[in-house]
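Note that the protein sequences, when read in sequence, are chains A and B.
Last residue of the first sequence? That's 443 in the working numbering, and every number before it is there in order.
Last residue of the second sequence? That's 273 in the working numbering, and every number before it is there in order.
Calculated from the structure, these hints are not laboratory results.
Treat the hints loosely; a few may be bogus.
[Claimed, not checked] Short derived list, chain A residues pointing at chain B, Cβ under 8 angstroms:
| id | residue |
| --- | --- |
| 1 | H188 |
| 2 | K211 |
| 3 | P214 |
| 4 | S215 |
| 5 | Y331 |
| 6 | K390 |
[Stated by the list, open to error] List of simulated lysine to aspartate or glutamate pairs, EDC-like, C-alpha gap at most 20 angstroms:
| id | chain 1 | residue 1 | chain 2 | residue 2 |
| --- | --- | --- | --- | --- |
| 7 | A | K208 | B | D162 |
| 8 | A | K390 | A | E413 |
| 9 | A | K208 | B | D94 |
| 10 | A | K132 | A | E280 |
| 11 | A | K320 | A | E112 |
| 12 | A | K276 | A | E260 |
| 13 | B | K35 | B | D46 |
| 14 | A | K262 | A | D328 |
| 15 | A | K262 | A | E179 |
| 16 | B | K91 | B | D162 |
| 17 | A | K390 | A | D363 |
| 18 | A | K211 | B | D46 |
| 19 | A | K208 | B | D46 |
| 20 | A | K262 | A | D171 |
| 21 | A | K262 | B | E169 |
[To be verified] A few chain B residues that don't get close to chain A, going by computed Cβ distances all over 10 angstroms:
| id | residue |
| --- | --- |
| 22 | A170 |
| 23 | S173 |
| 24 | L174 |
| 25 | R184 |
| 26 | V185 |
Note that CB positions come from ideal geometry on N, CA and C, so glycine has one too.
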Amino acid sequence: MSISIENLNKRFGDHVALNDINLEVKSGELLALLGPSGCGKTTLLRIIGGLDVADSGKLLVNGLDIAQRDARERNVGFVFQHYALFRHMTVFENVAFGLRVKPRKERPSDAEIKRRVTHLLQLVQLDWVADRFPSQLSGGQRQRIALARALAVEPKILLLDEPFGALDAKVRKELRRWLRQLHDELHITSVFVTHDQEEALEVADRVVVMNHGKVEQIGSPDEVYATPASPFVYQFIGNVNLFHSRIHSAWTEQHGDAVAYVRPHDIDISHTQQDNEALAGEIKLIRAVGAIVRAEVAVAGSDELVEIELSRERFDAEPMVNGDRVFIRPRQVRVFE
Amino acid sequence: MAQFRAHSVLPGFNLALGFTLLYFSLIVLIPLSALFFKTATLGWDGFVDVASSERVLASLRVTFFTSFAAAVINAFFGLIVAWVLVRYSFPGKKLVDALVDLPFALPTAVAGIVLATLYAPNGWLGQYFAAYDIKVAYTPLGIVVALTFIGLPFVVRTVQPVLADVEAEVEEAAASLGAGRLDVFRRVIFPAIYPALLTGFALAFARAIGEYGSVIFIAGNMPYISEITPLLIVAKLEQYDYAGATAIAVLMLLISFALLLSINALQWWSSRRGAR
């Protein structure tokens, strides 16, 4: 099922939540909506799911306009950040809910419901908790049950609102991988919302970066990281150093008010001056963090600190200590006016 | 005692339990047992005599039946009021919210007089009922009206916070799974608020059983028809028949206690089913 969104707008009072959104979700892909909190990503997801209504614009699923349809007629699976499980029902009844509320004619028999629910619980590897209540499960388990519940009605589209946001770091990582595997098995068109760039880059086929109710960039995880379309994307995804043209005109290669964006790992650092583009500075702090070495360099003539990341090999070849006089030189620069 | 203490990390168990027992004795147990001692002076035969008199039994029927009816009405409409106050916002909502508690604050006699005046056959509201030959004031129906009035806050105030606690997300989840409004209420919301609703019902019921002030003005107090048990107790007291009065009180107390206990059991059983 492909989703296409055309000129979508939504306001809450004076606050513009979504400003002229155009977006295409391809059939069977896993798309991430990435952005800081308040950027409108959850609102967009809720509008696709029919839990909110857009002020204007089109929402087409397989070419059919569904903007006027109620949430319950959309056949969309929705997974919430805080699980939203029915706490007075067992895990089994939670998953069976979508089947039990079907109109009598479409409702499967009890035996069929049991078969399908058991199958789904096996799919999320939790068939052994069928008789427990949600409060007896861990956060990660609850979220997997919520996913099984959403899948029970065989949705055409799966929407996930910060699905791992309430979980601790380790569980989040596991579930991320697991979600990716599950998607590769089922191929349901899925959209998930996150503010965690690492999560988006690791899980999604394509990433939509949003800010202030607008789409900043759409692209593969590699594209949005390597070639950010705007200063915002540069700063939001990964770390970046800023160099103003007033101070470092050699790097921005132009006059006027421009800013050069350089990733920490795109800067060479050396005790010798390679060419006249290099800036002189002093190492304020250098520290090995696992496989990489992080350094903060104070550039001579300004009080800015430049963050630099270099590999262990590079560091071992030319060891440095705090207070060393060094020269830094960018390998890749992106200039925005 | 030692084995209770061994499992608890909270300090002050002895002190807290001791205080609780003392307080409970002073406030509840001693007055109630005094009631039983006074009744005992009648002897078993005397008690059975009072308890089985036709007039007492009729008054008990009236009291418990009207109280039950009022509690049921309150459970139903109180739920709607709580629902509206939690789910919607409208101008004057805070005012309505404050009005709910008024029946607590108003002297019950005032409520009784006002209701009797309104619902009398020539009153503002009573005249419309009179047109259909329905008498409200000075009948058991009038008692139900008065008891509904004084019991309203109980259901609203017990259900309101629980209803507010049911996350909107849970309802949205149900809707996205294809559940209609009725299914969402029946399968998701009602099971969540059911224990609170039952508590509110029990409180309104208990309050109505003991109500005196508002009822005597609107009931008409006709023996065998609209005479409530508390009035009968007061009547006995006025005749200096203290033992007879306490005998009726003890009877009432036992019935009330049995009813509240079974409501509690129902609640315990239902919350066990939905272990949280």
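How the hints compare with the structure:
1. At about 7 angstroms, the closest approach between the beta carbon of A/H188 and any beta carbon in chain B falls short of 8 angstroms, and the interface hint on this residue holds.
2. Hint status for A/K211 relative to chain B: violated, with the closest Cβ pair at about 13 angstroms, above 8 angstroms.
3. For A/P214, the interface hint is violated, since its Cβ never comes within 8 angstroms of a Cβ in chain B; the closest pair sits about 13 angstroms apart.
4. Checking A/S215 against chain B: minimum C-beta separation of about 18 angstroms lies over 8 angstroms; hint violated.
5. Against a cut-off of 8 angstroms between C-beta atoms, the interface hint on A/Y331 is violated, since the closest Cβ of chain B lies about 32 angstroms away.
6. Among the interface hints, the one on A/K390 is violated; its C-beta lies about 47 angstroms from the nearest C-beta in chain B, farther than the 8 angstroms criterion.
7. Our distance criterion of 20 angstroms between C-alpha atoms is broken by A/K208 and B/D162, whose separation comes to about 27 angstroms.
8. At roughly 10 angstroms between alpha-carbon atoms, A/K390 and A/E413 fall within 20 angstroms of each other, so this suggested pair holds.
9. For the given pair, A/K208 sits about 38 angstroms from B/D94 by alpha-carbon distance, which is inconsistent with the 20 angstroms threshold.
10. Simply put, A/K132 and A/E280 have alpha-carbon atoms about 26 angstroms apart, too far for the 20 angstroms limit, and the pair is violated.
11. Proposed proximity of A/K320 and A/E112 is supported: the alpha carbons are some 13 angstroms apart, at most 20 angstroms.
12. Distance restraint check for A/K276 and A/E260: the Cα-Cα separation of roughly 29 angstroms exceeds the 20 angstroms cut-off, and the hinted pair is therefore not satisfied.
13. Only pairs whose Cα atoms come within 20 angstroms are accepted, and B/K35 paired with B/D46 is accepted, the gap being roughly 16 angstroms.
14. The hinted pair formed by A/K262 and A/D328 fails the criterion: a straight-line CA distance of about 27 angstroms is larger than 20 angstroms.
15. This hinted pair checks out: A/K262 and A/E179 have alpha carbons roughly 12 angstroms apart, not beyond 20 angstroms.
16. Proposed proximity of B/K91 and B/D162 is supported: the alpha carbons are some 19 angstroms apart, at most 20 angstroms.
17. For the suggested pair A/K390 and A/D363, the alpha carbons sit about 28 angstroms apart, so the restraint of at most 20 angstroms is broken.
18. The straight-line distance between the Cα atoms of A/K211 and B/D46 is roughly 63 angstroms, outside the 20 angstroms bound, and the hint therefore fails.
19. In summary, the hint linking A/K208 to B/D46 is not supported, as the alpha carbons are separated by about 60 angstroms, beyond the 20 angstroms threshold.
20. Between A/K262 and A/D171 the CA atoms are separated by roughly 15 angstroms; this keeps the pair inside 20 angstroms, and the hint holds.
21. The hinted pair formed by A/K262 and B/E169 meets the criterion: a straight-line CA distance of about 18 angstroms does not exceed 20 angstroms.
22. With a cut of 10 angstroms on Cβ distances, B/A170 falls inside the contact zone with chain A, its closest approach being about 4 angstroms.
23. The claim that B/S173 is not at the interface with chain A is violated, since a C-beta of that chain comes within 10 angstroms of its own (minimum 4 angstroms).
24. Taking the minimum C-beta to C-beta distance to chain A, about 4 angstroms, the non-interface status of B/L174 is violated against the 10 angstroms cut.
25. Not every CB of chain A is more than 10 angstroms from the CB of B/R184 (nearest about 7 angstroms), against its label as outside the interface.
26. Some Cβ of chain A comes within 10 angstroms of the Cβ of B/V185; the nearest lies about 6 angstroms off, and the non-interface call is violated.
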